[in-house]
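Next come the chains, spelled out residue by residue.
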Amino acid sequence: GAVVSQHPSRVICKSGTSVKIECRSLDFQATTMFWYRQFPKKSLMLMATSNEGSKATYEQGVEKDKFLINHASLTLSTLTVTSAHPEDSSFYICSAPDPTSGNTIYFGEGSWLTVV
Amino acid sequence: GENVEQHPSTLSVQEGDSAVIKCTYSDSASNYFPWYKQELGKRPQLIIDIRSNVGEKKDQRIAVTLNKTAKHFSLHITETQPEDSAVYFCAARGNAGNMLTFGGGTRLMVKP
Numbered sequence: 214g215a216v217v218s219q220h221p222s223r224v225i226c227k228s229g230t231s232v233k234i235e236c237r238s239l240d241f242q243a244t245t246m247f248w249y250r251q252f253p254k255k256s257l258m259l260m261a262t263s264n265e266g267s268k269a270t271y272e273q274g275v276e277k278d279k280f281l282i283n284h285a286s287l288t289l290s291t292l293t294v295t296s297a298h299p300e301d302s303s304f305y306i307c308s309a310p311d312p313t314s315g316n317t318i319y320f321g322e323g324s325w326l327t328v329v
Numbered sequence: 005g006e007n008v009e010q011h012p013s014t015l016s017v018q019e020g021d022s023a024v025i026k027c028t029y030s031d032s033a034s035n036y037f038p039w040y041k042q043e044l045g046k047r048p049q050l051i052i053d054i055r056s057n058v059g060e061k062k063d064q065r066i067a068v069t070l071n072k073t074a075k076h077f078s079l080h081i082t083e084t085q086p087e088d089s090a091v092y093f094c095a096a097r098g099n100a101g102n103m104l105t106f107g108g109g110t111r112l113m114v115k116p
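In order, the protein sequence lines correspond to chains A and B. Position 13, counted from 1, in the first sequence is what our numbering calls 226; the numbers after and before it change by one each time, with no gaps. Position 26, counted from 1, in the second sequence is what our numbering calls 30; the numbers after and before it change by one each time, with no gaps.
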């Protein structure tokens, strides 16, 4: 299947700092990417839809100023967690639809964020 | 918006038995239903999917059935093996965009 790559896989940061997570589609172009957050033993919660060349669409309850999303090219979307707090610690994962396979959704590896 | 419910939340079976996980969805316009397997700390992996123009799809030990009238779809795993142990998520996608709505997940445990 298509490949979506996410980096970093694990990151530890101090409270108050910002962390950037990258999501890349390696063998297809993605005009849309999705960012999820997953708590332990829970399902994937959609945070926002990243749109290439335009503003992201945030789900209700997700602070857009805290979770900055940039989709500057057809293969890269970034999620920046700003002014991180311990409660932001979580597993963040991106996904992208592959237009060459009927828009089958593929996921990145995920990023474990720990805020200390 | 779409709402997807998944049952059971946990399922324990003996190796070699079959496992069935069921999902219901609310949006009759949904037309694509993938199933993902997620191992602890790893990305969800697509294991099978079905589109609304078919009622059943099979891939070796895995099959998915779709009942559009009742708005439910099911995952069937036969001859389960310990390596099938993982969390399984169903999802549904409508006509607007490519956004998936996920079920709550099923933790499958296959006992040797």
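The set of hints was computed from the structure by calculation and includes no laboratory data. Treat the hints with caution; some may be incorrect.
The calculated label-pair distances, taken between Cβ atoms and stated as ranges, are [said to hold, decoys possible]: (1) A:312 with B:108: 22 to 30 Å; (2) B:33 with A:216: 38 to 46 Å; (3) A:329 with B:57: 44 to 52 Å; (4) B:82 with A:231: 46 to 54 Å; (5) B:82 with A:298: 42 to 50 Å; (6) B:49 with A:231: 24 to 32 Å; (7) A:265 with B:86: 27 to 35 Å; (8) B:45 with A:227: 33 to 41 Å; (9) B:60 with A:227: 35 to 43 Å; (10) A:298 with B:14: 28 to 36 Å; (11) B:73 with A:223: 43 to 51 Å; (12) A:258 with B:85: 27 to 35 Å; (13) B:45 with A:226: 29 to 37 Å; (14) A:225 with B:21: 26 to 34 Å.
To spell it out: a stretch of chain A is covered by chain B in this simulated footprint if at least three of its residues, at any positions, have a beta carbon under 8 Å from a beta carbon of chain B; those stretches are [claimed, not checked]: (15) 227-235; (16) 257-271; (17) 322-329.
Lysine-lysine pairs mimicking DSSO-like chemistry, simulated, CA-CA at most 30 Å apart [said to hold, decoys possible]: (18) A:254 with B:61; (19) A:227 with A:279; (20) B:46 with A:268.
Quick reminder that beta carbons are idealized off the backbone N, C-alpha and C, glycines included.
Hints, one by one, checked against the model:
no.: 1; hint: A:312 with B:108: 22 to 30 Å; result: holds (29 Å)
no.: 2; hint: B:33 with A:216: 38 to 46 Å; result: violated (30 Å)
no.: 3; hint: A:329 with B:57: 44 to 52 Å; result: holds (50 Å)
no.: 4; hint: B:82 with A:231: 46 to 54 Å; result: holds (48 Å)
no.: 5; hint: B:82 with A:298: 42 to 50 Å; result: holds (46 Å)
no.: 6; hint: B:49 with A:231: 24 to 32 Å; result: holds (30 Å)
no.: 7; hint: A:265 with B:86: 27 to 35 Å; result: violated (42 Å)
no.: 8; hint: B:45 with A:227: 33 to 41 Å; result: violated (23 Å)
no.: 9; hint: B:60 with A:227: 35 to 43 Å; result: violated (52 Å)
no.: 10; hint: A:298 with B:14: 28 to 36 Å; result: holds (32 Å)
no.: 11; hint: B:73 with A:223: 43 to 51 Å; result: holds (46 Å)
no.: 12; hint: A:258 with B:85: 27 to 35 Å; result: holds (30 Å)
no.: 13; hint: B:45 with A:226: 29 to 37 Å; result: violated (19 Å)
no.: 14; hint: A:225 with B:21: 26 to 34 Å; result: violated (42 Å)
no.: 15; hint: 227-235; result: violated (count 0)
no.: 16; hint: 257-271; result: holds (count 3)
no.: 17; hint: 322-329; result: holds (count 3)
no.: 18; hint: A:254 with B:61; result: holds (28 Å)
no.: 19; hint: A:227 with A:279; result: holds (15 Å)
no.: 20; hint: B:46 with A:268; result: holds (29 Å)
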